[in-house]
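A.B. asks: Okay, here's what each chain looks like letter by letter:
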Amino acid sequence: MNRNNLILYSGILIFGIAAPFLFPAFKVQLSILCVLIVLATTWNIQGGEMGYNSFGNILFYGLGMYLCASVQVGMFFPLAEWTESGGEKTFVHTPAQFFQGMAVGLIVAAVVPTIVAGLIGYSILGLRGHYFAICTLGLGVAAGEISGGIEIIGAGQGFTTPPFPEVGSLDSRGEFFYFLSFFVLVLTFITVKGIYTTRFKLILNAIRDNEDKAEAMGIETMKYKIIGWMISAFFCGLAGGIMGGLVGYIDSTDVAFDGREMGVFMVLMAILGGKGTLWGPIIGATVFHIFKEGFWTFFLGWQYVALGVLIVVIVIYFPEGIMGWLREKYPERFGEVVDEKDRKAQVELK
Amino acid sequence: MDFMVFQYPMISVQACLDGILLGILFALIAYGMALQWGVMNIINIAQGDLVILGGYIAYFMYLYGIHPAWGVIVAPVIMYFVGIVIYKLVINKVVDRDLFISILATFGISILFMQLMNFAFGADVVLANSDYGTTMLFNNNVVLPNSKIFSAFISILFAICLVIYMKKSKLGRAIRATAQNARAAKILGVDTEKVYAATFGINAALCGVAGALISITFTIHPYMGLPYTIRSFMIVIVAGLGNLPGVAMSGMGLGVFEEFADYILGTEFRIGSVFLLLVLILVYRRFKLSRKREYLK
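One line per chain: the protein sequences are W and E, in this order.
Residue numbering for the first sequence follows the working numbering, beginning at 203 and increasing consecutively.
Residue numbering for the second sequence follows the working numbering, beginning at 67 and increasing consecutively.
Mixed in with the good hints there might be a few duds.
[What the hints assert, rightly or not] Here are the simulated DSS-like cross-link-like pairs (lysine-lysine), alpha carbons at most 27 Å apart as the crow flies: (1) E:K354 x W:K425; (2) E:K236 x E:K159; (3) W:K395 x W:K425; (4) W:K531 x W:K543; (5) E:K154 x E:K252; (6) E:K159 x E:K252; (7) E:K252 x E:K236; (8) W:K531 x E:K159; (9) E:K159 x W:K494; (10) W:K415 x E:K354; (11) W:K415 x W:K403; (12) E:K236 x E:K154.
In case anyone wonders, no lab produced these hints; they're calculated from the structure.
Given the sequences, and given the hints that come with them, work out the whole structure.
C.D. replies: As structure tokens, this is what we get:
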């Protein structure tokens, strides 16, 4: 790591820590931004680097959300009675219980989706291309429909997560969730950056470029595909657990397994920023979130129409994303040597 | 869980007949999907939303006092032009691109349609009442609404017409040629752009017919599109492209499966079981194909 990078990273870290105090009104938005970045970055691991475009990471996100909340409640109170009572405060968590439950819940929310990804990975990741995309889309929707029929986690009426205990000032809830999500974001970034410097990333790229050839070169592609998906699942589960606590209310198809919103958002953010780059999903998520929150109010009620148009426009006219555009414009900055003759020849060809 | 279906055989007969009549409708939608998949190599996630839009056309005719069965004529005409417009605006830019791009683009169209229909027609579950009465079979143990029989009949009629059209007409020949080899067709003077537009239009028209029939026999709702897409996708991958008897058979099979899932698991798991079946079929297909690959080694 050279000096410039060190300054950049410490600057971002300081900004991240100072952000909730600089913009106290936007704490919840900033926490959601962190979660979105985590989702986009981990989608990029198999979507961008591995070439397996999944609509089904929402499965792990929703699973994490339900698991975290269920563990948090189930550790201290009977789960069935809690969901039956709905929003009424029949049971109240003490602060110690809340944080203890949250900690255990987040661990479960991260570990179980990882195991699930490992278990289903062998069958699902054998599918190629659009079959994989549709299959994962089906998985996400099926999970939503099925969880909407299970009584103990609230079925159709939803599941209220434990409310934040009254400790400290009024702002402590926002700060707690912000720092939690920021911590997960930093963890994700370090992990992903670490991965991208190793041979593992090259293997993932080899799978994307030509899976059969990669296999012929002696790479056990299936093993690496499953590991890649498990890493995604781990962080998606964590993000889901945090988001459940942040929103405070879990509904099977509108919040947890929300393939129509979050499931598309993570794909869209990664594509907007640039698939297959480290910074692309981060930039994409930030731009997308600012756009979404800034302009959503103008569309008032029409936001999903705007979302549909946005997807079509981004996908058709901007499939390389921001990073791809920058790369074409300033190839030197990306360490690519451009042969002038070659470029001229290409321009003439066009 | 409800196992009544095994104790009373008549319920099984009812479920089978219902499922077959429903499956014929699914097969019609799936035929449209197979057509555009085969010719243009795109998977249209908005397929189900086109179906629902066709349903709303019939529903509005019903609201204005026209018998909804006429929707079977009107909906495909309107939907054909809707399809052409969608093609001109979006699809022609993704035809030659990566399949994932087309999936995502049509997903965007799907969200757009869903929300526009939600605004325009409201989020209520509606149906167009056809007043066709019912038919009783087997000592009044099995009840079949005549509207279902009507819809199955119309679907078969449209499918037969389309098959004849594809075989005999000039455009049909051009479509089949493009499906076989787009480049060669272009060299031989087929205007592939026009063929693509017509294919997408025909697909949308088929969706319109199916939608009108669904609004008569079942209910429609702006958000109910995606399951129809998934069903038709499933039927196409089970039957294969360009295998019409296969499409019809697997459509009926899916219909029967759904009716039994409805009876045994309960209505709340109906859509979930469809999506799970999709995952299972794809996984089964993957293992079958991987075994084939090992033989080659």
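A.B. asks: Broken hints, numbered, in rising order?
C.D. replies: Checked against the structure, no hint fails, so every one of them is satisfied.
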